[in-house]
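Trainee: Produce the entire structure from the sequences given, and follow the hints as far as they go.
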Amino acid sequence: MSTDTDTRATPVEQPAPDRRRRRDAPGLSLRELLRFCWTQLTAMRTALTLLFLAALAAIPGSLFPQRSVSPGQVRTFLAEQPFWGPVLDALRLFDVYTSPWFSAIYLLLLVSLIGCITPRTIAYAKAVRAQPVATPRRLSRLPAYLSVRTRDPQGALDRAETWLRAKHFRIRRDGDSISAERGYLREAGNLVFHVSLVIMLLGIAAGVLYGYRGTAVVPEGRGFSNNLTQYDDISSGAMFTDRDLTPFTVLADQLDVRFETGPHAFGAPREFTLHARYTEGGPLESATIQVNHPLQLSDGTQVHLLAHGYAPQITVRDGNGQVAWSGPVVFVPEDGNFNSTGVIKVPDARPERLAFEGRLLPTAVVDERGTRSAFPDAENPVLFLTAYAGAPKAESGVPENVYTLDKTGMRQLTRAQEIQLTPGSSYQLPDGGSVSFDGLQRWTRLQVSHTPAMGVTLVGTGLAVLGLCLSLFIRPRRLWVRVPAVGAGGDPVIEVAGLDRADARSGLDIDVEDLAIAAADLDRAAPGNGPDPADTETPSRVTGDRAEES
Amino acid sequence: MNIYGEYSMLAMVTAGVIYMLAVLIHAAEWASARGTRVKVRPARTRSAMLAGAVVARGAGTDAADPEPAEPAADTGPTVPEPTHKELLRTEKLGRIGLAITTVGVACHAVGVILRGVAAGRAPWGNMYEFTTTSLLVLMLAYLVVAYRFGMRWLGLLAVLVGTIGLGVAVTVFYVDVAALVPALHSAWFLFHVPLAAIGGAAMNLGAIASILYLVRKRAEEKGTVRGYLAKLPDSARLDRLAYRLNAFAFPLWTIVIAAGAIWAQYAWGRYWNWDPKETFSLVTWAIYAIYLHARATAGWKGTRATIISLVGVVSFWWNFVGVNLFIQGLHSYAK
Ligand code: HEM
Chain A
1 MSTDTDTRAT PVEQPAPDRR RRRDAPGLSL RELLRFCWTQ LTAMRTALTL
51 LFLAALAAIP GSLFPQRSVS PGQVRTFLAE QPFWGPVLDA LRLFDVYTSP
101 WFSAIYLLLL VSLIGCITPR TIAYAKAVRA QPVATPRRLS RLPAYLSVRT
151 RDPQGALDRA ETWLRAKHFR IRRDGDSISA ERGYLREAGN LVFHVSLVIM
201 LLGIAAGVLY GYRGTAVVPE GRGFSNNLTQ YDDISSGAMF TDRDLTPFTV
251 LADQLDVRFE TGPHAFGAPR EFTLHARYTE GGPLESATIQ VNHPLQLSDG
301 TQVHLLAHGY APQITVRDGN GQVAWSGPVV FVPEDGNFNS TGVIKVPDAR
351 PERLAFEGRL LPTAVVDERG TRSAFPDAEN PVLFLTAYAG APKAESGVPE
401 NVYTLDKTGM RQLTRAQEIQ LTPGSSYQLP DGGSVSFDGL QRWTRLQVSH
451 TPAMGVTLVG TGLAVLGLCL SLFIRPRRLW VRVPAVGAGG DPVIEVAGLD
501 RADARSGLDI DVEDLAIAAA DLDRAAPGNG PDPADTETPS RVTGDRAEES
Chain B
551 MNIYGEYSML AMVTAGVIYM LAVLIHAAEW ASARGTRVKV RPARTRSAML
601 AGAVVARGAG TDAADPEPAE PAADTGPTVP EPTHKELLRT EKLGRIGLAI
651 TTVGVACHAV GVILRGVAAG RAPWGNMYEF TTTSLLVLML AYLVVAYRFG
701 MRWLGLLAVL VGTIGLGVAV TVFYVDVAAL VPALHSAWFL FHVPLAAIGG
751 AAMNLGAIAS ILYLVRKRAE EKGTVRGYLA KLPDSARLDR LAYRLNAFAF
801 PLWTIVIAAG AIWAQYAWGR YWNWDPKETF SLVTWAIYAI YLHARATAGW
851 KGTRATIISL VGVVSFWWNF VGVNLFIQGL HSYAK
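In the order they appear, the protein sequences are chains A and B. In terms of my numbering, the first sequence opens at residue 1 and continues consecutively. In terms of my numbering, the second sequence opens at residue 551 and continues consecutively.
It is worth saying that the hints were derived from the structure and are not from the lab. All values derive from a computational prediction rather than experimental measurement. Some clues are possibly wrong.
Computed, partial: chain A to chain B, Cβ under 8 Å [to be verified]: (1) Leu41; (2) Ile59; (3) Val69; (4) Ser140; (5) Tyr145; (6) Val198; (7) Arg243; (8) His304; (9) Ala518; (10) Ala520.
We put the CB at the ideal spot given by N, CA and C, even for glycine.
Mentor: Okay, here's the thing in structure tokens:
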């Protein structure tokens, strides 16, 4: 615990411990050195510095493209900046949030946090059970102090006690004085908040270490089963193993997509709904997956709809008249109007293998800007293909990119985009065989993700907010009343004093005054219960005060 | 554009013009207070009954005064010199400014509501709508503290923020009414945005109080609190008000980030993506946490802590405007 906070929690009479005290470095034993490091690390000033560094360190991640978010932009950056690119890369500025320096800061912060909470929790556990501190001898030295005459000194402490109890003060009465304290929950709230931060960080760490997230493209009518081979890409935490993949299967039955047809934001996406069925081992159940409405499996695994596009249904007959390919082919959209490109590979066609490069326009128009798609929905789909043929190739086993065509060993059969197909039409290839465009389907890119301990993180966050509110809005306060025998003028006098234990609180004077009025029984004693002079001040002042006491 | 959209725009522009007028009047109010000086007022007594019985009093300083050593602490609350003709004029100008602002806020509210009617949904689907709605919350918050807590002295700067903000929204951010993109169809989004607007309003009012605190504190240290500054609460009180507003904003901002994270979990299957918008709201949050820590650390109280809170509000604005305009992220509504 820091000395800074110590001073805040103790009554002002005690001198603050001297923070500038130096220990002579040469004489330090290892034990002392460790102790010194620990004290430094858990000091409030260090927390301040580390928080500041953490805030600062997070910034470059939003100024430079990050590999985890936009790998493409990072590649472009590196290509365009042959000097600065590698320098920034060496500084890990494209992977800020996984960089050693970022990790170092938050780990230090975590240690500092734990080192800070532990002693404070122990101190608090003692303080909660303890009685309020004894009444200081010289009340007049406290920040708020009042002594008033009273006609009934005997009843003063009783009246004070009644007043304090009504205000939920904890009370210690010894002989001629009362010491009262309120607002214990503030420190509790503060501790809960800091502990919750630790809980949150642990939850987040568990999620990162044991979680995974992968994507797969699934055409309508096809399915996805959760095993590694079915993923297009997958990223997972250090502690993840294949066994953490929950077994389930999703069938992508139909994707409904709606686009804006009104004059504003024409063509903007308005709705995607995937009608699907899924099973976790039991019978098939139906589900709809939408943006913001993932499919939620029983163990918390989520299936999200990330993207979609077109998959023309293609049948290719080879030179021998055999069906060498039949099925949907995934085309990749290149812009908001879904001008899409794709590759049809038919390695099994004989006597020669066949391949096609294609361009799909869901709503084809021809205008001064050329032939293009003018709307993202499939209003007038046209498929342009360029055919290639080549000698059969031995199965190499090396996975190929399905979206690009390696043309080595192949010759072009038709002129570029000579083949023009609409759904239901087909084209005879020059060397025999045919290609037909049977119909247009859509595909979806599904994301499967599992983040363990999300509940822990969420509960941690909730507790943090709760603790924060207690910590910020509860005002701890100490009040004292003493009944000395006789005052200066011969009248009985009582003393009232107060001390606030938190930053920037107000209304202490008023509490002290009210307590004095109650204890001295001035309510009855005072001759004229006239209006409060404070109420007759200029309007802005009075209301200004009220703002602070509310 | 449908007819409601047109009326909405008309109301927004009208509100902007009215705000501008209010700024001019508040500026005149400040100018008219040139002659005001600080006068020390005798210690306040709680009531007449107490006055008769008091034998002795403590120094009368507030226990929570962040820097008891500062000279102004002993002077206590200040009032302007009484019954000066100029004073009356200042007061009158202030009231007129507030009244005009109220009319402007009404217009502004009509604009926001009509925008919602025109779109058939909550009016916070894009940058224009988010800005106008947030500014409305800011102006409403200002009216609340001005009428209820007598904090009309925030007027000049608060309405200035309203004027500039609305002006920029209408001229730079404006887009026609359109339906929401699917990513924004989320209850968490509906929860996230108004809380962000309320938290932002508190931070901004807090920042205005902080600026006035810094100015007034300097004047107090030089021993010359003159002009409109003398009409402000003393620096200790300004500091406290700024703290209150920031302390109100901080838990809200925490909830805003949490709600955003939950929404992200639904939208992208990942509650934290380190996208620029998220990153900067976390940075803003951290800066306010630093501010709260700084207040509790000896040597950082007062001016230094206040400057940290101002850095926080700059970070808030950068997140609100800068990130949207200059950095591309997942938050598609930024466009
Ligand atoms: C992840 C890092 C941390 C965050 C986000 C954080 C946040 C906060 C916040 C928001 C408050 C304000 C609550 C209030 O004013 O009552 C606070 C108070 C406090 N923090 Fe932290 N904190 C962090 C780490 C630490 C560490 C490492 C220490 C130990 C040195 C620490 C010690 C304290 C203390 C003593 C207070 C009470 C101040 C007071 O009485 O006003 N905090 N913290």
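Trainee: Decide, hint by hint, whether the structure agrees.
Mentor: Going down the list of hints, with the structure as the test:
no.: 1; hint: Leu41; result: violated (15 Å)
no.: 2; hint: Ile59; result: holds (6 Å)
no.: 3; hint: Val69; result: holds (6 Å)
no.: 4; hint: Ser140; result: holds (7 Å)
no.: 5; hint: Tyr145; result: holds (3 Å)
no.: 6; hint: Val198; result: violated (15 Å)
no.: 7; hint: Arg243; result: violated (21 Å)
no.: 8; hint: His304; result: holds (4 Å)
no.: 9; hint: Ala518; result: violated (11 Å)
no.: 10; hint: Ala520; result: holds (6 Å)
Hint compliance for this structure: hints 1, 6, 7 and 9 are broken, all remaining hints hold.
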